[in-house]
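Colleague: Sequence:
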Amino acid sequence: MLDIRRLHMLKTVAARGSIAAAAQSLALSAGAVSQQLAALRREVGVDLLRPDGRTVALTEAGRVLLQHADRILAAVHEAESAVAAVRGAVGATATLAALPSTVARIVAPALTALGSDHPQLSVTCLVTDQAQLRELTLGTVDVVLGQRYHHLLDATPRGIELSPLLDDPLLVVTAEDRAEGRPVALRELATHDLAVPPPTTECGQAILQACHQAGFTPTARYVTADIAAQLTLARAGLATALVPRTAIDPAAPGIRTARIEDRPIQRLLFAATRHSEAANPTTAAVVAALRTATRQDRTQRLRPA
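In this note's numbering, the protein residues as written are 1 to 305.
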């Protein structure tokens, strides 16, 4: 009988691209992972991996086995969720992956509420903007607070369930004394020096493609994924930034924000979990807390000053 843990290792190696990277994410030594994969190879009687430059790739047999492994591991997750649903109690641990731009206004309030409502639940939060949904499919995290830009292709992996939280536009941010705060056309930014995320990030790619669709290539004078740095550059009058509304403190001094009126760059913030027929009480509690924090933040923004 095939060992489920070895199937999970095979899936992790395929996703990470190397045994060393897989071992690091599994908190094991590379030797231990190699031994388990060698045992899996003996069980099936055929090579599952082959060298591919500095990485490894699946053989045809490895790809076939991985397809079945995905279904097997999904069935195991379904069983775990069903048992948790019968138990009906929120568990002791959960791991949340969240975007840096959501920490102040959504994640922190949600975790505070979880600590009050479910004191037995310890949530580990990974703040990252890289490959969150992949981590969810690998079981590294339980809930993802992620994003999808409306004008980019939807790349949500199979087996992932999305719960929409908020449509969050990017705002044009400038120094308070450099702009009127009126809505602007995206094309107007063709003459601006911009502070933008790297094009390898999802936000950077969204900005680049939106500008190309508007007929110009943006002048990326400052390239950084650090939103605090982008806002500092805008406040100093050195650049114009494009920053998600959720990441901007409405009371922050020295800056002025404006919406893009003709070609808005808008992201959907969502909570993502692995799909299961039976709701897992622990992940459901985390998603509910994120939804409540999002709703409260939106209410505060709409409240008259």
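Check each hint, because a few of them may be wrong.
[Unchecked claim] Quick list of simulated restraints, FRET-style, between CB atoms:
1) 103 with 236: 40 to 50 Å
2) 67 with 251: 46 to 56 Å
3) 134 with 64: 14 to 24 Å
4) 57 with 82: 30 to 40 Å
5) 115 with 299: 20 to 30 Å
6) 278 with 177: 20 to 30 Å
Rather than coming from a laboratory, the hints here were simulated on the basis of the structure. Just so it is clear, CB atoms sit at the ideal spot from N, CA and C, and this is done for glycine as well.
Colleague: Against each hint, give a clear statement of whether it holds in the structure.
Modeller: Hint check results:
A beta carbon spacing of about 24 Å between residue 103 and residue 236 contradicts the range 40 to 50 Å that was offered as a hint. At about 52 Å, the CB distance of residue 67 to residue 251 agrees with the hint of 46 to 56 Å. Residue 134 and residue 64 have their C-beta atoms about 21 Å apart, which keeps the hinted 14 to 24 Å range intact. Between residue 57 and residue 82 the beta carbons are some 35 Å apart, a value that agrees with the proposed interval 30 to 40 Å.
Between residue 115 and residue 299 the beta carbons are some 21 Å apart, a value that agrees with the proposed interval 20 to 30 Å. One distance hint, 20 to 30 Å for the beta-carbon pair residue 278 and residue 177, is violated here, with the actual separation near 57 Å.
Hint compliance for this structure: hints 1, 6 are broken, all remaining hints hold.
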